[in-house]
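Residue numbers (UniProt numbering), protein chains in the order written: chain A, 1 to 346; chain B, 1 to 346; chain C, 1 to 346; chain D, 1 to 346.
Some clues are possibly wrong.
Since the list gives no way to pick one copy over another, a pair counts as held whenever it fits inside one copy or between any two copies.
Claimed, not checked - Derived DSSO-like pairs: lysine-lysine, alpha-carbon spacing no greater than 30 angstroms straight-line:
id, residue 1, residue 2
1, Lys309, Lys339
2, Lys263, Lys309
3, Lys11, Lys219
4, Lys36, Lys280
5, Lys206, Lys11
6, Lys339, Lys280
7, Lys152, Lys206
8, Lys11, Lys152
9, Lys219, Lys36
Calculated directly from the structure, the hints in this document are not laboratory data.
Number of protein chains: 4
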Amino acid sequence: MVVSMREGCPKSQVAAVIAAMERRGLKVRIISPGPKVVLGVVEAVSKHLTDDLRFVLSDMPGVEEVSDFHTDWKLVWRGPEQQTSVVRMGGRSIGGPELMVIAGPCAVECRENLLQTAQAVAASGAGAIRGGAFKPRTSPYSFRGLGEEGLKYLAEARELTGLPVVTEVMSFHEVELVARYADVLQIGARNMQNFALLEAAGEVDKPVLLKRGLGNTVKELLLCAEYILARGNQQVMFCERGIRTFETETRNTLDLAAVPILKQNSHLPVVVDPSHAAGKRELVPALALAAVAAGADGLMIEVHPEPAKALSDGRQTIDLPAFDDLMKRLALVAQAVGKTIPGVNP
Amino acid sequence: MVVSMREGCPKSQVAAVIAAMERRGLKVRIISPGPKVVLGVVEAVSKHLTDDLRFVLSDMPGVEEVSDFHTDWKLVWRGPEQQTSVVRMGGRSIGGPELMVIAGPCAVECRENLLQTAQAVAASGAGAIRGGAFKPRTSPYSFRGLGEEGLKYLAEARELTGLPVVTEVMSFHEVELVARYADVLQIGARNMQNFALLEAAGEVDKPVLLKRGLGNTVKELLLCAEYILARGNQQVMFCERGIRTFETETRNTLDLAAVPILKQNSHLPVVVDPSHAAGKRELVPALALAAVAAGADGLMIEVHPEPAKALSDGRQTIDLPAFDDLMKRLALVAQAVGKTIPGVNP
Amino acid sequence: MVVSMREGCPKSQVAAVIAAMERRGLKVRIISPGPKVVLGVVEAVSKHLTDDLRFVLSDMPGVEEVSDFHTDWKLVWRGPEQQTSVVRMGGRSIGGPELMVIAGPCAVECRENLLQTAQAVAASGAGAIRGGAFKPRTSPYSFRGLGEEGLKYLAEARELTGLPVVTEVMSFHEVELVARYADVLQIGARNMQNFALLEAAGEVDKPVLLKRGLGNTVKELLLCAEYILARGNQQVMFCERGIRTFETETRNTLDLAAVPILKQNSHLPVVVDPSHAAGKRELVPALALAAVAAGADGLMIEVHPEPAKALSDGRQTIDLPAFDDLMKRLALVAQAVGKTIPGVNP
Amino acid sequence: MVVSMREGCPKSQVAAVIAAMERRGLKVRIISPGPKVVLGVVEAVSKHLTDDLRFVLSDMPGVEEVSDFHTDWKLVWRGPEQQTSVVRMGGRSIGGPELMVIAGPCAVECRENLLQTAQAVAASGAGAIRGGAFKPRTSPYSFRGLGEEGLKYLAEARELTGLPVVTEVMSFHEVELVARYADVLQIGARNMQNFALLEAAGEVDKPVLLKRGLGNTVKELLLCAEYILARGNQQVMFCERGIRTFETETRNTLDLAAVPILKQNSHLPVVVDPSHAAGKRELVPALALAAVAAGADGLMIEVHPEPAKALSDGRQTIDLPAFDDLMKRLALVAQAVGKTIPGVNP
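Please construct the entire structure, taking both the sequences and the accompanying hints into account.
Okay, here's the thing in structure tokens:
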């Protein structure tokens with residue numbers, strides 16, 4: 001249940017509404033503190049109580065609208081006039097006027113390789129480093145990542161470059177371990193509806209990058225973020241990375257309409273991963289540029305010094321010069337939509 | 001790597017092949033003991049070693065074919081001439097000439113209701129009871145099941161009817177708890193690629209019913225079963241329950257071609273869940289009958305005494321008389337394809 | 001707009017309702033003459049007039065319900081208690097208790113081949129012959145069929161076997177030509193929404209087999225049939241042949257839920273084409289059996305004496321002995337659901 | 001079959017290769033005249049002849065590569081180093097450095113409305129006017145357009161503004177009529193594989209805008225364009241307008257990866273229609289901007305003075321001030337990717 005107060009209504013009216021709700025045993029949260037106050041009840045409310053409240057509240061002074069349209073994603077919801085929330089990532093941030101580009105190899109394979117990549121992408125203007133230490137693999141017999149050793153290399157890459165580290169956590173019992181090394185916990189597409197993992201991620205004090213499942217709707221993605229926020233962690237960003245369709249020219253079909261839909265429904269920042277969607281490196285630049293034009297707050301791009309030798313996803317990975325070139329083109333499009341990439345002059 | 005020996009070749013030739021493989025440090029498993037012996041290596045084998053072995057083995061007496069076509073699902077794979085494996089479920093079984101019908105409510109809601117349903121479906125010829133104690137829910141604010149209390153009611157239903165119990169486990173730390181009460185662990189569609197859960201299920205001595213994810217291919221389903229078998233648990237059955245497509249008349253599109261594809265690629269039994277696919281109770285009978293004709297070893301059907309009052313999935317749930325009527329029609333089609341439903345005369 | 005009269009209401013009440021509608025300038029059609037009379041207005045009715053009529057009619061004696069739920073497919077719609085319409089195909093029929101199996105090669109390639117196939121499938125119990133003389137091809141450089149020469153061979157096959165001929169018409173200017181030779185005009189999946197072709201087919205006195213488009217919903221299929229019926233041709237049957245999804249193991253995903261949905265919404269017979277959906281001959285029998293169990297009135301199956309040599313679709317075509325074997329199995333499942341295949345003893 | 005000659009090889013070598021091909025009865029076309037000469041044979045070539053030619057040609061001086069990889073879309077194919085072809089539309093063009101924006105109502109409804117829209121979009125910088133006189137409708141009872149009367153209004157709008165007119169032709173017997181009034185013939189998504197229509201469009205001297213079918217792959221779109229070019233009309237442009245997927249927040253899922261794929265495989269210009277894909281006007285600007293960043297040569301946008309009153313597609317139509325605002329933002333993104341919109345200063 002969401003109660004929108006009239007803009008500029010006196011605080012006493014807000015207090016009276018809160019009191020009326022609390023008298024009925026509800027825990028009221030302030031979704032937006034102003035200029036237009038929006039109040040919300042996150043917990044499930046019985047139909048009977050909702051009807052009663054709607055009746056009572058609608059008559060109280062200062063109340064503009066009582067709605068339950070967005071009751072399923074209350075904390076994730078974008079209140080009227082609300083700005084995109086800025087999520088801090090190490091010393092950087094995402095959600096404001098700066099475009100965040102997260103770059104690095106699909107999997108952390110060896111120390112030298114990762115450090116070389118990290119330095120190169122940092123020099124090109126990347127804002128964070130990515131790399132998988134724990135890798136979900138379709139087959140039980142594929143390379144599954146270096147585990148904690150990989151996390152240590154990532155931490156070393158952070159030391160070297162000053163950039164925050166984004167890496168995947170695949171199971172709730174590894175959340176604590178990954179959070180010790182990473183700046184941002186990535187929840188992968190296969191785990192988007194792994195509710196135990198979402199709730200564990202909701203209890204740590206690290207930002208979470210939540211990827212959309214291949215077979216999941218935008219609405220389900222909003223609801224999965226709600227699982228995290230409902231446990232107390234407000235630092236969540238979405239990641240659109242393509243959905244499964246009949247088209248086989250690409251690995252997945254990047255759904256860029258998800259960007260404005262997510263921005264219109266939620267205050268959380270939106271990242272786009274063109275690499276996994278495309279599945280072919282020659283398509284990555286066009287999709288990356290399109291994502292920025294569509295309003296994405298950030299990008300996540302797979303980069304490797306020698307893509308042909310990468311242990312996973314080499315076909316969709318661009319090399320270091322291609323990344324450097326892409327950053328310059330991204331800066332131009334970012335500027336055209338009112339954003340900047342720090343350190344990259346368009 | 002799979003090595004098929006000629007039918008009727010002497011045991012000494014088989015032993016020589018095994019010895020040649022073991023000398024190279026490989027652990028050889030007997031995928032099919034006869035009449036045509038098939039040997040397999042489950043662990044990843046380097047390209048170099050594979051090439052070497054292929055060269056050496058091809059010249060050895062008795063060897064018919066050295067193949068790595070199915071290396072990704074070696075344990076799940078259906079060897080030449082192999083029958084469907086029979087999986088035991090409590091005192092019943094699935095995979096043989098008897099059609100297994102698993103029936104019950106979507107979620108365990110209250111004791112009386114569950115016991116009433118269990119008795120009724122048992123009387124109609126069901127071979128197992130289903131009911132969710134832990135429910136995955138798209139929204140964090142929906143009813144998530146009774147937890148252990150629900151498991152106890154399910155165990156009571158088993159006492160009462162003698163039927164084995166199938167229920168979902170959602171997280172690997174609950175595998176032990178659920179296995180204490182259930183006869184079959186269900187892994188739901190959202191968790192099909194939750195690899196930590198698959199591996200935990202691979203280490204218990206209970207059959208696993210693995211549902212296909214909404215956005216997952218049949219090949220991925222085969223590989224997820226391989227995760228379980230690779231950990232030692234051979235008692236796995238697949239469950240086709242519909243995939244996501246553009247069609248909105250049904251909740252999901254039931255992909256019945258998955259039945260013959262799974263049977264041709266794997267020796268594991270196949271169950272079909274028409275209820276979740278249809279999303280509308282009036283479509284359930286036609287899809288259930290079709291599944292049996294397509295060769296399914298079992299069905300999983302949502303049944304409730306008063307579907308309109310069910311807390312979840314009421315729209316796709318049939319009532320007790322409809323289930324009884326459906327069982328009679330299923331017995332006729334089962335007979336037409338050479339199967340029987342114990343206790344139901346066609 | 002649909003007006004359902006109470007069962008057994010006097011004819012004078014029906015006449016009064018018709019008069020009230022005609023006074024408002026509407027052309028009233030009798031959708032179902034009894035026992036429950038259902039009246040319909042096919043032409044578009046303005047919102048204003050609908051509201052007015054609903055108000056007036058609801059108060060008239062004998063009127064049970066005024067509905068505009070099915071106004072988009074009024075002629076196609078299945079009235080209360082209505083049976084499936086029986087469509088005559090040459091000397092045979094579809095829609096009653098007899099299962100119609102249409103069999104033959106994808107394309108008519110040569111006379112001898114076609115006549116051999118026709119005689120063989122007739123001997124196995126097929127009820128009609130199929131074969132393409134005009135072939136839609138994805139590439140402009142592929143074999144496009146023999147044209148009128150192919151039609152002549154088909155007519156010769158009919159002479160020889162007594163079976164009616166089903167063949168595709170691709171453009172409205174060929175409707176007359178194809179209708180001269182064929183017993184049933186097939187409108188292919190790519191042309192489902194070729195409205196000029198639908199309307200031309202609506203003006204001939206030959207049955208039409210309308211295939212669902214690969215990217216079309218069941219609702220759109222219903223509406224395309226309405227295009228044909230609205231022009232006066234009531235002899236239409238649907239054909240489900242698979243839709244496009246992300247699954248690549250099959251050519252398309254056969255949507256068998258379409259069978260009960262079409263039957264519940266329309267009085268027209270439903271045919272299923274398992275060959276095009278499967279794309280692989282080893283999957284055809286399972287899907288054919290499933291279609292009959294799901295309630296299909298007919299099947300359309302690609303058969304060729306030597307599938308490996310067929311100029312198109314060989315991979316999904318079964319040979320003559322496989323067809324003969326399948327017919328026996330189909331007869332068993334048909335019997336289980338209350339149907340028969342004339343000439344094939346289960 | 002495609003034969004690529006070495007860059008800079010003497011003309012005598014090219015002539016010798018052509019002669020060798022012609023001696024075998026093939027009609028050789030010059031796909032690219034230089035600097036790297038590429039020769040092609042469009043007609044189907046037997047496997048036997050292909051093998052023979054490959055053998056002979058590979059040994060001839062100057063031949064770099066003999067390939068049949070692209071044999072299915074030979075005329076549509078982008079030769080090495082080839083630029084995008086510029087297609088003339090009335091006095092304007094598409095495919096060069098100028099971004100073409102085609103704007104107007106979904107359907108031509110009344111003269112005043114159309115003229116008002118045409119003048120407004122021209123003033124905002126549109127390069128062409130769109131509007132449907134013949135409308136494909138899912139239901140036979142929906143408004144199907146004004147027909148020739150609508151074409152006359154469109155011609156009047158062209159007189160008034162000087163802008164070329166894009167309008168749909170739905171059946172091959174109307175090609176001549178529509179071509180009398182229109183500057184560009186649009187072939188709609190439902191008719192993408194209406195081969196009779198494609199071939200008729202291949203024989204007129206007007207550019208064709210070919211929309212991708214909702215259920216069709218990019219490869220099929222390329223092949224349908226080949227149908228038109230093979231009949232002699234080289235003035236074709238593609239239009240991506242979204243495909244059908246499971247996501248229901250949008251009408252269709254815009255597949256922007258199609259833009260770079262089409263550009264890499266073909267020399268023909270690419271237009272994107274964000275309006276039909278989005279289905280909601282609030283998503284149109286983000287998708288339009290993204291399409292330009294992805295490399296589209298043009299956009300097609302539905303605009304109406306009062307979208308809420310439009311007879312069709314009002315929900316996805318933007319109003320005149322929104323269009324004017326969008327053009328300014330498009331000009332900025334166009335500039336960032338090296339394009340301009342004539343008359344709109346970024």
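Here is what the structure says about each hint:
1. Lys309 - Lys339: neither (35 angstroms within a copy, 36 angstroms between copies)
2. Lys263 - Lys309: Only across copies: Lys263 and Lys309 sit 28 angstroms apart there, 37 angstroms inside one copy, limit 30 angstroms.
3. Lys11 - Lys219: Neither: 34 angstroms inside a copy, 53 angstroms across copies.
4. Lys36 - Lys280: between (46 angstroms within a copy, 26 angstroms between copies)
5. Lys206 - Lys11: Neither way: Lys206 and Lys11 sit 34 angstroms apart in one copy and 60 angstroms across, limit 30 angstroms.
6. Lys339 - Lys280: Intra 27 angstroms, inter 25 angstroms, cutoff 30 angstroms: intra and inter.
7. Lys152 - Lys206: Intra 17 angstroms, inter 38 angstroms, cutoff 30 angstroms: intra-copy only.
8. Lys11 - Lys152: neither (51 angstroms within a copy, 51 angstroms between copies)
9. Lys219 - Lys36: Intra 25 angstroms, inter 44 angstroms, cutoff 30 angstroms: intra-copy only.
The structure fails hints 1, 3, 5 and 8 (numbered hints given earlier, in ascending order).
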